[in-house]
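K.L.:
Given chain B's structure and the hints, the job is docking chains F, D, L and G with the ligands onto it.
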Amino acid sequence: MTELTKELKQSRSSRFSDMWTSIYSNKAALTGLVIIALLVVCAITVAICDALGIQILPYDPNLADMDNAFVAPCAEHWFGTDQLGRDIFSRVIDGTKISLSVGVAAVSFSLILGTILGALGGFYGGKLDNIIMRFMDVILSVPSILLAIAFMAALGRGLDKAVLAIGIVSIPEYARIARSCVMAVKANDYIQAAIVSGDSNLRIIFRHILPNITSPIVVRATLGISIAVLDTAALGFLGLGVQPPYAEWGDMLARSRGFIFSAPYTLLFPGLAITITVLAFNLFGDGLRDALDPRSRRR
Amino acid sequence: MLVYFIKRLLMLIPVLFCVSILVFLIMRVFSPDPALIVLGQHATTEKINMWRESMGLNDPIVIQYLDYMKAVFHGDFGYSYFTNTPVTDELLARLPATIELSVLAIILAAIIGIFLGVLSAVKKNSIIDNLTMTSALIGVSMPVFWLGMLLIILFSGYLHWFPSGGRIDTLMRPMDGTGFYLYDTLIIGDFEAFFNALEHAILPAVTLAGYSMAIITRMTRSSMLDILHQDYIRTARAKGLSAVSVIGKHAFRNALLPIVTVIGLQFGSLLSGSILTETVFAWPGIGSYSVECILRSDFPVIQAVVLIIAVIFVVMNLLVDLLYAALDPRVKYSEESA
Amino acid sequence: MTEKNQELLLSLKNLCKYFEIRNGLFNHKKSYLKAVDNLSLDIYKGEAFGLVGESGCGKTTLGKMIAGLYHPTSGQILFNGTDLAALNRNDRRRFCRDIQMIFQDPYSSLNPRMTVEEIIAEPMIVNHTHDKAEIGPRVEHLLNCVGLASSYKNRYPHEFSGGQRQRIGIARALAVSPKLIICDEAVSALDVSIQAQILNLLADLKEEFGLTYLFIAHGLAAVKHISDRIGVMYLGSMLEVAPKESIYNDPRHPYTKALISAIPVIDPKKRKERILLTGDLPSPIDPPQGCRFASRCFMKCNQKDETQILKPCAANHLVACIKETPDPKHE
Amino acid sequence: MLLEVEHLTTEFATRRGPVRAIRDVSFSIEKGEILALVGESGSGKSVTSLSIMRLLSSNGTILPGSSIKFNGTDLMTLSEKQMRQIRGNRISMIFQEPMTSLNPIFTVGDQILESIKLHTKLNKKEAKEKLLHLLDTVGIPNPVKRINDYPHQMSGGMRQRIMIAMAMACEPELLIADEPTTALDVTIQAQILDLIYKMREKFNISVLLITHDLGVVAEAADKVAVMYCGRIVEQGTTEEILTNPYHPYTLGLLKSIPRLDDYSPRLYMIPGMVPPPEEVPEGCAFADRCDRCSEHCRQALPPLKVIADRKVRCINFEGQGNL
Amino acid sequence: AALSRKPQDNIFYATSTDPLGLDPALVDDNDSGKIIGNIYESLLRFKNSNTEVEPQLAESYEISPDGLSYTFKLRQGVKFHDGTPFNAEAVKFNIDRQMPENLVPKMSYAGLVYGDVKSTEVIDEYTVRINLKKPSTPFLHNMAMLYSAPMASPTALKKYNNNLMQNPCGTGPYKFVAWDRGQQVIVTRNEDYWGEKAAVQNIIFRTMPETSARVVALNNGEVDIISGLDANVIKQIEDSGNMIFKTDGMNVNFMFYNINVTKNPITKDKDVRRALSMAINVPEMVATLYKGYATPANTLLPPFVPGYSPDVKQVQYNPQEAAKILKEKGVSTIKILTYTGARFYNPVGGQVLAEAVQSYFDKVGVKAEVLAYDWATYKNKLATAEWDIGFMGWTGDNGDPDNFLNLFASDDPINNNGLWYNDEYRALIAKGVELKDGPERNELYHKAEQIMADEAALLPISHAQVIAAYRPNIKNFSVHQVGMTFFKDVVKE
Ligand SMILES: Nc1ncnc2c1ncn2[C@@H]1O[C@H](COP(=O)(O)OP(=O)(O)OP(=O)(O)O)[C@@H](O)[C@H]1O
Ligand SMILES: Nc1ncnc2c1ncn2[C@@H]1O[C@H](COP(=O)(O)OP(=O)(O)OP(=O)(O)O)[C@@H](O)[C@H]1O
Ligand SMILES: [Mg+2]
Ligand SMILES: [Mg+2]
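For the protein sequence lines, the chains are B, F, D, L and G, in the order given.
Position one of the first sequence corresponds to residue 1 (our numbering), numbered consecutively onward.
Position one of the second sequence corresponds to residue 300 (our numbering), numbered consecutively onward.
Position one of the third sequence corresponds to residue 638 (our numbering), numbered consecutively onward.
Position one of the fourth sequence corresponds to residue 969 (our numbering), numbered consecutively onward.
Position one of the fifth sequence corresponds to residue 1292 (our numbering), numbered consecutively onward.
Just so you know, nobody snuck in bad clues.
For lysine-lysine, the following DSSO-like pairs were computed, each having C-alpha atoms within a straight-line distance of at most 27 Å: (1) 422(F) to 548(F); (2) 1561(G) to 1615(G); (3) 1554(G) to 1672(G); (4) 27(B) to 422(F); (5) 894(D) to 1223(L); (6) 548(F) to 1113(L).
Far from chain G, some chain B residues (derived; all Cβ distances over 10 Å): (7) 71; (8) 137; (9) 139; (10) 206; (11) 265.
Just so you know, these hints were derived from the structure itself, not from any lab.
The C-beta atom is built at its ideal place from N, Cα and C for all residues, glycine as well.
Same shape as in the complex, but just chain B:
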């Protein structure tokens, strides 16, 4: 009896544990995961402390301290200070909040819309599919960052708008993936079996198709966050990003441009922060893909 229950438990979780083992044994993916976890903890802690009015960062990231402008990295200011004497370390840490939230929000937005549109198109095919995909073609025919820039140039800066701009431009990505996955899944005999069993379309979509297309979409979403973080930074750099005085990495870089020779540290750390964040999501996404890759499993 105990033997049996143990066996059952194992088999139930085996899919998950397989994936976990695969990630766990992939050093790069694990590193990515750990960094992401750290970043998330940073962002959440900062946000909570902010809301409660507790100062957890060494300095207020937005408060100018004119007497201490352009202090090179030292014991008091690990990453130095900027033109207004604000502590770069505090600002970089504070910036995690923005980058992650814009990334996650934008990806969620495009993921939800894109998946729904793509899945509908892929499942029903025909005219609906044609209309949806032509619409996606329109968005796709403008390079995504350019479109985001155009949006921001017109709408003006702001957190919500950045999310919208970055989100909209990546909808087609998800729609395409969802669509091709749905079509691939649809070609499987188990869908035919479901139809023969008398399942309704809705049931087929939710019970048979969606659970089977999550892996590639989740992988894409992980990588999508990295792209969204890069895009946020690019918008910030062009002066189109998040509303100041929020510490946003791209904006910090833009402002340190004037001092690249006189105070290079002002541009080193925000840039590193972006790179590390993006790298972490890329590492994890790649690992996740390997773990979920159907080619490395089955048969």
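P.N.:
Positioned in the frame of chain B, the structure of chains F, D, L and G with the ligands alone reads:
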């Protein structure tokens, strides 16, 4: 082939039509009124109205759109709000710089990317592979503009190897010509100027190429690995072909198909990447110009830039598809020939 | 076994399935791929009907039309007298519990995200054939029926071998107690030793549940064991239908003859002269005029004028060949 | 003796550790002979053939102690370069999947010419003549036109013919055919088998025919080796093995095949399943499915018994298998 | 023909942006002005060191006693770069082009320069008379301005469709050669110049958007002169042995309160405004932000402009008092609207400035929210959003006090951003335009300025200095208060 080509070309029309509406909506409907800044510090409300009238901004939006499109078909993208010169002139004057840089970058990215990708696929899991893949991963993770600034600090700030901006030393500037300096200087045989222009182009080209190079490397590697597992590679080896011919002929030619697609798509992202790169390097192309225009809300210019890049992008994609078709005999243009 | 004393379960009348193929500029030129062309067939209650033919001749398409996966271009599918082809999708669903299907590829026919129990319970749930409380025990019962331990019900498909998966597929098909099961190459993907197991299982289940089979296969060997009657399909139409003994001992159509002679015989002493067909199956987009088989036929009668239709030639034996003069006795 | 394989053992490095795909496989082929290697999926047939060609994927190694003598030279000792002289020239190969075994972006003519050019010193014109001749031999109608076709423009049977033409390009001494007909229709299968047979007659080559279909064996082979779980369990002439199998596995296999002349309602079936390669037991791998199995079988690997020109790896075999 | 590659023949002048264009009537930006000043000339010009006027293309002028007509005697033998002779017809052509009936919207200075002109008469070939609608003291100053006033070739104007943005043609010491978009404008010596010819052959106005890049280029010797500097880079330049030129700029940078734009903002209350102004230590802030390259402003007027008075009393810095008042008034949060980029009068940019102010408010217990937008959006937001404090500035055009002070006598929120209404102030400004320069006029402006200070309509912050840096081998280099360099006399050794 011709039928397929025409068909694809005709399919572009509705897409581009919708793009134009989209861009027009973004720029005209959702954007702030630029009149206040266009007219400088001596603007008055009365003058602003006059200006809006003269720009046709008081017409119904549909009329505005139709007028705009009518003009666009005649190659007229309207007038810059600021300089009051035709947008077409402004862009044409800057286009050579951007094309020169993009072409240089895509060549760089393609050659190096493919080379490294093939190398690491063939030497899978070796030190070279790990090193290449790590660099490629960092390459796709680094913001272009940051990379650019780091390169400037290193190569022009400390090492003084390359200039930090501009296209050529002014005095070497070719006096008349196409605007493609590398070409112009070569044509007149002014090698000093040619190398000067090249020197200026290297850092921005490397920066711009960085991301695409990384993507192409990764893509090449995975596509090569895919192909190397195919049955026909086993067939080729069973024939007694050497590793070089198996990889170079049988594997690479097949792997090239997805790579060509990626390179084509990268050209589009390169064009938009040039917005950031040109800004960092003060490269006088449409990229840096559009940033300038974005910052002062010169919407006719932004609108034109987005439209033009969309057209280039879409046409590039078409070319890539055609090239793909030319490279892959499996793609059929139409059933009739069969 | 005579037709007279048997109850008709399924009757296909002039069934056609044309797939539209568009090409040309703007996709305006249409041509049709005639996957199933003007095919008529009767299947009786309790029999196993074997359907053989080369790859691409339209066997699967036919099976899918009966199972409701494709809508016929024209013709009737009379199931117990009801024309399924005339029903809309919702009405057609009421017949799902009567007609089930077993698929060729055991790897793709089971949803990898569902447990075995969920998979087998699915048809019962959507067809409301059983109460919630009944479902659990019934799943275990079905698993036992197909020779699997009931403790397997909480596992996922990827934990099973191909043969075991095929059993799960069979259990799913049995769940709603169907009257007709369509087996589309149900054993082709399996190893010989496993093939035998599944064929036996299907034969046993047929006896136990009084099932009717439409058994689709490439080769004659596999069908033979399980079928009562066999139909030979070629390029979307039926060339010959007869009880299996007649097909093997007295094939009338040249294609059937070639097909039988192509079956390798295990006995090395009996290495026989083969009838080797030349060429491949012609394209179903532009099927040859007249006799479908004329282009590969070794009889060289070059029948280009008259499309051959099934005509009786002996007791319970239908054939579509000009060389076979109808047997007036059986007209 | 053209090919003598002795104690061939091949191992794959996998995530779950090393997997021995074939163990101690020995057999030999004489000139002009067709040897069939039969066994169910996963029994190691392809690995055997790839080991002979030294074309294993990078995670596979042939363990020391194995020897593959071809015309007296041990292929194991050859350098990669010397091996290339043999591949496609003296030993050539055709594969199961005609759909994927040809390079999709070169014309079939080019792909065959490549082989010819690689191993012969013919000039362009001669090579082309040879190509046309070859295509004619393998029964491709209208070869002049067909050489410019791409693989996707041909049917499965045609492609398999192209594969054969490519294999025969340099008139090899040994042809390894790995399930050449499995993916094809019965009528086409008959054509291809017939072709292989003809080639053997015409060029007097030896063939290692890999298949899981005993029917194909009966039709084509002179000798048979039966594989189960990476080992050869029985070996002998086709006639003897098919009429009088010693090993219970061979017997079961033969009995479970539907026969045209047999009208019994039930097929014989071997109980159980083939164990996955990681879980192959120490003793006889077939023990669990065998009705004659004894404790001995489970404990130690039964030795290979040699009876006249037959070999069988079973301690309980009956002298006369009754079919 | 190719440019001479001899170093002393070329002066490179690097600025941050491309000019908008090179037609004086159609532009209003400093980057265009720098070039225009060397290609074109006006009837009058500012003296080298201040904003007093002296003749240029006019040899002399007479003003009628009622102040309504100005008669100019023109210099003879002057030719435009395209060979067109300069004469009274040309003057009339240039002025008529900017009369209301011919106005195109981009002629943003036409109203300021010629707004009071009634008609222009050609008396003879070299005499021209301009009639005004009402007396205007700033008019003579206007005739020396960089924008609108310079004389362009009528032939060229006809040829290029009334638009010389890309084909400038004047009478100045340099003539146009080429404009590579985003890179440079090249001008070369006018060998037919009527006066003493320029010393250096070519001037190349390079566009280098990044301050740091300009500094590096200067220090490397790639360019000879750079402008658009901020305080942070001065030391670096001096350390490399290069020279800094600085002069007081004719501009003002100020913070203003929302008084009547939206309905009843907190800052409608004069005491709140005063308290907020009191919270900011202007001199300290200016010193840290601008590092000595801007002077704290006492009033809107730069010290060298007539009418300036050091005696105007602004609200004094007093954080305790400010905190007290603000607490009493219940002001705890405040919304600051600002622009992101740098402006001529505020080289560090509006956002940095606002953030500095924000930290001062923080010290008196007021939490300020800073909303920064690009310039266009910012301007729109001023009219539509909820806000309490904004930032703005003004660059003087002609050195007349009216040019600064009349902004706040306007009903147009585009000029009078906070919509501050004060009748007394308005009356004083209206009177000032007509008074002749002199103590009486100055006294009147003094009074007006004090009213503005008492009402705390705005808080003057700084006057940015015009800073440029140049290599030591450049001689006679100077930048005029209006922001441009006349290259005629500059020498490169
Ligand atoms: N959905 C479809 N759209 C277009 N053509 C189809 C479709 N399904 C099948 N066909 C075509 O119809 C013909 C008959 O196909 P079908 O699958 O019924 O053959 P089959 O006899 O089952 O072959 P196999 O033995 O290979 O399974 C083929 O030529 C096939 O290409
Ligand atoms: N590259 C490899 N890595 C790991 N294991 C392998 C590899 N190639 C083959 N194997 C294992 O070796 C065993 C024998 O495989 P092989 O391909 O020889 O079987 P086969 O007899 O040819 O079967 P089939 O009839 O399916 O072709 C299988 O269990 C397989 O899992
Ligand atoms: Mg089928
Ligand atoms: Mg195999």
